[in-house]
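Q: Listed below, chain by chain, are the residues.
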Amino acid sequence: MLTYIIRRLLISIPALLLIAFVIFMLLELAPGDPMASMPLTIPAEVKQQMREALGLGEPWWVRFPLWLKQFFIVEPAYWIDSAFGTDLAGGQQRIISFQSRSPVFDTIAERMPQTLWVVGMSYVVGVAIALPVGIISAYRQYSVFDQAGTFVSMIGFSVPPFFSGVLLIVIFSVSLGWLPSIYDTTHSVTDWDSFVFQLRQMVMPVMVLALQTTAQISRYMRAAMLDNLGQDYVRTARAKGMSERIVVLKHVLRNSMIPVITVIALGIPSIFGGAIITEQIFKVNGLGQLLIIALQGNDIPMVMTLTFLFAVLIVMFNLIADVLYGVFDPRIRYD
Amino acid sequence: MTENTANPPLPAGDPTAPVVDRNQWWDVWAQFRSHKGAMAGLIFLVGITLFCLVGPWLWGIDPTTLDIRNKDLRPIVNALWGVENVSWAHPFGTDNLGRDIMAQTMQGGRISLAVGWTAMILAIVIGTFIGVVAGYFPRLDGLLMRLTDLFLALPLLPLLLVMMLLFRDPLRAAFGPEEGIFILIVIGIGITSWMQTARIVRGDVLALKEREYVLAARSIGTPSRRVITRHLLPNVLSPIMVSATLGLATAIITESAVSFLGLGFPPDYPTWGKLLADAVPRMVSFPERVIWPGLAISLTVLAVNYIGDGLRDALDPRIRGQ
Numbered sequence: 001m002l003t004y005i006i007r008r009l010l011i012s013i014p015a016l017l018l019i020a021f022v023i024f025m026l027l028e029l030a031p032g033d034p035m036a037s038m039p040l041t042i043p044a045e046v047k048q049q050m051r052e053a054l055g056l057g058e059p060w061w062v063r064f065p066l067w068l069k070q071f072f073i074v075e076p077a078y079w080i081d082s083a084f085g086t087d088l089a090g091g092q093q094r095i096i097s098f099q100s101r102s103p104v105f106d107t108i109a110e111r112m113p114q115t116l117w118v119v120g121m122s123y124v125v126g127v128a129i130a131l132p133v134g135i136i137s138a139y140r141q142y143s144v145f146d147q148a149g150t151f152v153s154m155i156g157f158s159v160p161p162f163f164s165g166v167l168l169i170v171i172f173s174v175s176l177g178w179l180p181s182i183y184d185t186t187h188s189v190t191d192w193d194s195f196v197f198q199l200r201q202m203v204m205p206v207m208v209l210a211l212q213t214t215a216q217i218s219r220y221m222r223a224a225m226l227d228n229l230g231q232d233y234v235r236t237a238r239a240k241g242m243s244e245r246i247v248v249l250k251h252v253l254r255n256s257m258i259p260v261i262t263v264i265a266l267g268i269p270s271i272f273g274g275a276i277i278t279e280q281i282f283k284v285n286g287l288g289q290l291l292i293i294a295l296q297g298n299d300i301p302m303v304m305t306l307t308f309l310f311a312v313l314i315v316m317f318n319l320i321a322d323v324l325y326g327v328f329d330p331r332i333r334y335d
Numbered sequence: 336m337t338e339n340t341a342n343p344p345l346p347a348g349d350p351t352a353p354v355v356d357r358n359q360w361w362d363v364w365a366q367f368r369s370h371k372g373a374m375a376g377l378i379f380l381v382g383i384t385l386f387c388l389v390g391p392w393l394w395g396i397d398p399t400t401l402d403i404r405n406k407d408l409r410p411i412v413n414a415l416w417g418v419e420n421v422s423w424a425h426p427f428g429t430d431n432l433g434r435d436i437m438a439q440t441m442q443g444g445r446i447s448l449a450v451g452w453t454a455m456i457l458a459i460v461i462g463t464f465i466g467v468v469a470g471y472f473p474r475l476d477g478l479l480m481r482l483t484d485l486f487l488a489l490p491l492l493p494l495l496l497v498m499m500l501l502f503r504d505p506l507r508a509a510f511g512p513e514e515g516i517f518i519l520i521v522i523g524i525g526i527t528s529w530m531q532t533a534r535i536v537r538g539d540v541l542a543l544k545e546r547e548y549v550l551a552a553r554s555i556g557t558p559s560r561r562v563i564t565r566h567l568l569p570n571v572l573s574p575i576m577v578s579a580t581l582g583l584a585t586a587i588i589t590e591s592a593v594s595f596l597g598l599g600f601p602p603d604y605p606t607w608g609k610l611l612a613d614a615v616p617r618m619v620s621f622p623e624r625v626i627w628p629g630l631a632i633s634l635t636v637l638a639v640n641y642i643g644d645g646l647r648d649a650l651d652p653r654i655r656g657q
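Chains as they are written, first to last, in the working numbering: chain L, 1 to 335; chain G, 336 to 657.
Just so you know, the hints here were simulated from the structure itself, not pulled from any lab data. There could be a bad hint or two in this list.
Reference listing, derived: stretches of chain G covered by chain L, where coverage requires no fewer than 3 residues with Cβ under 8 angstroms from a Cβ of chain L [as the list claims (entries may be wrong)]: (1) 390-396; (2) 495-503; (3) 586-595.
Anything over 10 angstroms on all C-beta distances counts as not near chain L; from chain G, calculated [said to hold, decoys possible]: (4) Thr400; (5) Met437; (6) Arg561; (7) Ser633; (8) Val636; (9) Leu637.
Derived CB-CB ranges, DEER-like [stated by the list, open to error]: (10) Met242/L to Ala542/G: 36 to 42 angstroms; (11) Leu388/G to Met50/L: 48 to 54 angstroms; (12) Ser175/L to Leu388/G: 32 to 38 angstroms; (13) Gly477/G to Met242/L: 46 to 52 angstroms; (14) Asp362/G to Tyr142/L: 47 to 53 angstroms; (15) Met50/L to Pro616/G: 43 to 49 angstroms; (16) Arg617/G to Val144/L: 38 to 44 angstroms; (17) Ile11/L to Ala542/G: 24 to 30 angstroms.
Don't be surprised by glycine CBs; every beta carbon is placed ideally from N, CA and C.
Using the sequences and the accompanying hints, generate a full structural model.
A: Right under this line is the structure:
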């Protein structure tokens, strides 16, 4: 197993480099100009100097390795410095945003908690709803509950978050006035009332994202349970006189969780993509909104770094899913 | 089994018995019709397609006409509870510039459906091509599957947004404002959603090409091109059709999402996603303007998903006839 993990990690390095190169070249080929929003009165040679000051004067084969060095060496060095008080970075140039002129990673660190709170919470809620729904749907196949579950997950697949979110706002904020429609990120939890406020403002974005998660994972859970419920070992367990509870929740559930866990792991990166839209609707200033602002402002270092971070997440969770599969299913041998 | 009661077996050797020409697609259609959700989906999809294609023709109001005296009309249902501000001339109401919302919904549907279908066809063509080539030619398999893995590891929505923003101006200059964006968005969605199809097709082709009939075809000297088009493609058609319905649903949602984020078509060119996005700032006073395009998107996608469900059952010969 360890050799497998090491091998996979080694393979993912060239894959990530290739992905970084693809994203970099896409941004490089694009004709967008960060100087486009500057006033027209600035003379051409001054604009050229400004462009060089942003590091755009060099050809791509100089800038791409430089970006890689900044991302993989300089930024972690700064990170270690701030954590342990060392001086590894030695004042080297960090990745600087064109828009805010501050290090990209400082902005990302500011935005990360909001995204993690909303996205992470929604994923936890979605999984927590999906698993029981899937189990009951499979155990009572074709019952009313199962039909309803199928219908709700069909809706979860079909209603895009930018409609379900807006619909929730229309119902719960505009008509009923129960919940705030805008996520207030400056709010800090100090006492019970502020905690309740935090809960109320998180309910809608979390539910919108959780609907998508629930739709997907409850289907996988149901299918996996159905596969296992028909197996011989289930009949054996029942024949031994074990209670239905033990048979379903211990024998069948454990075996059904194997594929579902990998699906849960694989879904984590894609939920960050979905958060781009949800954050836009509820005005959460998280990573997704940061990406949209950076795109609109032609902030190439920010876009590059964020997109690459999403790619790192995908590669990482693919690896985690494969490893989990091997850990939980002793029939899988990777060596 | 109801098969025997419905079709009593004809007496053998009776020359006068009518020869019923039943090919495979009639069976598929019969099975498809028995799936209620899929039939409802199909009827809805045909209905909304006709609404968008034929509707503007019958309705006759141009979606971009400004009628500032009749701005902000409410939908006609509001007359039931005595809202004054309605008119039979604009049953869906009008927006803040007096543009007819029904005409806009029709026009938006045309664009959204056109983008969805074209992008789906592009994705299916790319996916099928790569899947067949990778499955049939072992030498190319490794390379093409690594390429598929690479695409699967890309963060697709961010990259699509990047592409939309960065390439819109040159394409606009080259093909005109609307056509340029149309080409861009179709290609963008197409090249970011072919991977699942390619994987499914490759898997099926790998299994099919070891079958005896392919071996027989090869042994009488059929060239690879002919083996693929005559023997392999017809047999992988069912998974392709199922993934085509999924592709159509995701393409419509992706286009709406891009339009919703303000990176799609130009402002005066409505699509469902764009109408929804434009209505959001004023949804406190006019919630119905959010509902129409949102319902159109959701119901269309729901219909397509149900059609996919029905197709999957209808194309599976193990389920058919039960």
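Q: All the hints need checking, so say for each whether the structure fits it.
A: Here's how the hints hold up against the structure:
For the region 390-396 of chain G, the stated coverage by chain L is not satisfied: 0 residues place a CB nearer than 8 angstroms to a CB of that chain, which falls below the threshold of 3. A count of 6 residues in the region 495-503 of chain G with a Cβ less than 8 angstroms from any Cβ of chain L is obtained; the coverage claim is therefore met, three being the minimum. With 4 residues bearing a CB less than 8 angstroms from a CB of chain L, the region 586-595 of chain G meets the requirement of three and the coverage assertion stands. No beta-carbon of chain L comes within 10 angstroms of the beta-carbon of Thr400/G; the shortest separation is about 27 angstroms.
The beta carbon of Met437/G is kept farther than 10 angstroms from every beta carbon of chain L, the shortest such distance being approximately 19 angstroms. For Arg561/G, the non-interface assignment is confirmed: its Cβ lies about 36 angstroms from the closest Cβ of chain L, beyond the 10 angstroms cut-off. Residue-level check failed: Ser633/G sits 4 angstroms from the nearest beta carbon of chain L, not beyond 10 angstroms. With a closest Cβ-Cβ approach of about 4 angstroms to chain L, Val636/G is found to fall inside the 10 angstroms limit, against its non-interface label.
At roughly 4 angstroms from the closest C-beta of chain L, the C-beta of Leu637/G falls inside 10 angstroms, breaking its exclusion from the interface. Range check, Met242/L to Ala542/G: about 39 angstroms between beta-carbon atoms, so the 36 to 42 angstroms window is met. About 51 angstroms separates the C-beta atoms of Leu388/G and Met50/L, a value consistent with the hinted range of 48 to 54 angstroms. Checked against the hint of 32 to 38 angstroms, the pair Ser175/L and Leu388/G passes, with Cβ atoms roughly 35 angstroms apart.
One distance hint, 46 to 52 angstroms for the beta-carbon pair Gly477/G and Met242/L, holds here, with the actual separation near 48 angstroms. Taken as a hint, the range 47 to 53 angstroms is violated for the pair Asp362/G and Tyr142/L, whose Cβ atoms sit roughly 24 angstroms apart. Remark: the range hint 43 to 49 angstroms for Met50/L to Pro616/G is contradicted by a beta-carbon distance near 35 angstroms. For the hinted restraint 38 to 44 angstroms between Arg617/G and Val144/L, the CB-CB distance of approximately 40 angstroms keeps it satisfied.
Between Ile11/L and Ala542/G the CB atoms are about 26 angstroms apart, so this pair conforms to the stated range of 24 to 30 angstroms.
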